[in-house]
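Protein chains in written order, with numbering that gives the first Met the number 0: chain Z, 0 to 238; chain B, 0 to 238.
Keep in mind that the hints were calculated from the coordinates and are not lab data.
Any given hint might turn out to be false.
Copies of the same chain look alike in the list, so a pair counts if it works inside one copy or between any two.
Taking lysine to aspartate or glutamate pairs in the DMTMM-like style, the calculated list, with each CA pair at most 20 Å apart, reads [claimed, not checked]:
(1) Lys100 x Glu3
(2) Lys31 x Asp89
(3) Lys213 x Asp233
(4) Lys213 x Asp89
(5) Lys115 x Glu99
(6) Lys100 x Asp89
There are 2 protein chains.
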Amino acid sequence: MTVEALIFDVFGTCVDWRTGIVREVAAATARKGLEIDSVAFADAWRDLYQPAMQEIRSGRRAYTDLDILHRENLDATLDNFGIAGQFSDDERAALNHAWEKLPPWPDAVPGLIRLKANRIIAPCSNGSVALLTRLARYGALPWDCILGAGIARAYKPDPRAYLAACEALRLAPAHVMMVAAHNGDLAAARDCGLKTAFVARPLEHGTGQVTDLKATSHWDIVAADFPALSAHLDLRLHD
Amino acid sequence: MTVEALIFDVFGTCVDWRTGIVREVAAATARKGLEIDSVAFADAWRDLYQPAMQEIRSGRRAYTDLDILHRENLDATLDNFGIAGQFSDDERAALNHAWEKLPPWPDAVPGLIRLKANRIIAPCSNGSVALLTRLARYGALPWDCILGAGIARAYKPDPRAYLAACEALRLAPAHVMMVAAHNGDLAAARDCGLKTAFVARPLEHGTGQVTDLKATSHWDIVAADFPALSAHLDLRLHD
Numbered sequence: 000m001t002v003e004a005l006i007f008d009v010f011g012t013c014v015d016w017r018t019g020i021v022r023e024v025a026a027a028t029a030r031k032g033l034e035i036d037s038v039a040f041a042d043a044w045r046d047l048y049q050p051a052m053q054e055i056r057s058g059r060r061a062y063t064d065l066d067i068l069h070r071e072n073l074d075a076t077l078d079n080f081g082i083a084g085q086f087s088d089d090e091r092a093a094l095n096h097a098w099e100k101l102p103p104w105p106d107a108v109p110g111l112i113r114l115k116a117n118r119i120i121a122p123c124s125n126g127s128v129a130l131l132t133r134l135a136r137y138g139a140l141p142w143d144c145i146l147g148a149g150i151a152r153a154y155k156p157d158p159r160a161y162l163a164a165c166e167a168l169r170l171a172p173a174h175v176m177m178v179a180a181h182n183g184d185l186a187a188a189r190d191c192g193l194k195t196a197f198v199a200r201p202l203e204h205g206t207g208q209v210t211d212l213k214a215t216s217h218w219d220i221v222a223a224d225f226p227a228l229s230a231h232l233d234l235r236l237h238d
Numbered sequence: 000m001t002v003e004a005l006i007f008d009v010f011g012t013c014v015d016w017r018t019g020i021v022r023e024v025a026a027a028t029a030r031k032g033l034e035i036d037s038v039a040f041a042d043a044w045r046d047l048y049q050p051a052m053q054e055i056r057s058g059r060r061a062y063t064d065l066d067i068l069h070r071e072n073l074d075a076t077l078d079n080f081g082i083a084g085q086f087s088d089d090e091r092a093a094l095n096h097a098w099e100k101l102p103p104w105p106d107a108v109p110g111l112i113r114l115k116a117n118r119i120i121a122p123c124s125n126g127s128v129a130l131l132t133r134l135a136r137y138g139a140l141p142w143d144c145i146l147g148a149g150i151a152r153a154y155k156p157d158p159r160a161y162l163a164a165c166e167a168l169r170l171a172p173a174h175v176m177m178v179a180a181h182n183g184d185l186a187a188a189r190d191c192g193l194k195t196a197f198v199a200r201p202l203e204h205g206t207g208q209v210t211d212l213k214a215t216s217h218w219d220i221v222a223a224d225f226p227a228l229s230a231h232l233d234l235r236l237h238d
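Given only the sequences and the hints, what does the whole structure look like? Please build it.
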């Protein structure tokens, strides 16, 4: 198995989006003296993520960058929490940048640095190039390039998202490994011919998480974290 | 002047393509015991670069990645030098990777590291994502993301190449600065509304170079090298 590039899901797999969004929502509402359950707000905001992309996957809506979907979902969530009148357009735009300020999981950056030594590493996320670039700068994620929905103009698990990443790298899918904390993401990548690695992130949705707690299929690699993934790959490299 | 991102021409501006190509051609021909003027070969190979892209700019040919154009131009150059029969398909493919192994100018990497501290940095080159990603790994060019013809599917100086870079970064052209050693590249970028910085590379074409020895227009910044460009920008930042 020659893996020449690793492409990564980002939200949940590389970064702890929930902690980051809760923090930014808590700060923005505290500045206004609002008493809002910022965890519930973050979850409600994120709950609109898949339905918004589904409009595009289904063809009912033309491809629209995730930044715009996040903003529309923020507007709806502010409305649902009854605080829409409290936030100006500029304040909403600022809060929407919360998605560019998410903390990496503690193992992510050291793991990526190790993985990058021998292979190309890139995100294959539903985030836009603009969002992922700023998120990488914020968290020091050492990507070689930025791939994903922004260049494919299609949202995972649409096959075009994975295949456009392979094509941009000029690699056959069999030489590219998708790394994700989500079994569904890996299933779609495998259907496109990519190799797969599962890294569980059991706290992505908080302590009550019930989904993706473990691998539900025979992925090529199942690793505890990114450094363990690197060790797995190095072992195979020397087989 | 708020410059939030710097986008760079790469071949000639960031890397010394001629030295790199001469070295790889010399090595490949020496292995076969061929007596070839590797400098003349490198120049002849590069001479086919603009005409090949012109076919695409003019609309006579669909967008084709630079890797493929480089390979076609290599085949033609081997033929012109009367050594086409000496190189197998695999050997030609290997030699074509010379474009991914070009030495950065000595000031480029330290300059980019300084520039990256306060602004997004990315290539806006006619190279493909695959080529620029591997070239960045080879030379440790610390890009935040890879932009240019590969994502625009249009070759500079086509306005779409510059505007697609700005759009991918979600920035207005006035907040993006194009950095190049080529006056023509900057003229096209300025026409799109971008800021411009000229850094002369008087040895790009060797000691006999006659073009682009100095700025031929009033670019926003004219700097001796990348660290000097960083100093110029920091000065303006604190104005």
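Results for each hint:
When the C-alpha separation of Lys100 and Glu3 is checked against a cutoff of 20 Å, the pair qualifies only between copies, where the shortest distance is 17 Å, while the shortest distance within a copy is 29 Å. Taking the closest pair of Cα atoms, Lys31 and Asp89 come within 20 Å of each other only inside a single copy of the chain (14 Å); across copies the shortest separation is 65 Å, beyond that limit. When the C-alpha separation of Lys213 and Asp233 is checked against a cutoff of 20 Å, the pair qualifies neither within a copy, at 23 Å, nor between copies, at 49 Å. In the homo-oligomer, the alpha carbons of Lys213 and Asp89 never lie at most 20 Å apart, since the shortest distance is 41 Å inside one protomer and 43 Å across protomers.
With identical chains, the CA atoms of Lys115 and Glu99 are at most 20 Å apart between copies only, with a shortest distance of 17 Å across copies and 22 Å within one. Taking CA atoms no more than 20 Å apart as the test, Lys100 paired with Asp89 passes inside one copy only; the shortest distance there is 17 Å, against 45 Å between copies.
Figure legend: structure checked against the earlier numbered hints; hints not met, in rising order: 3, 4.
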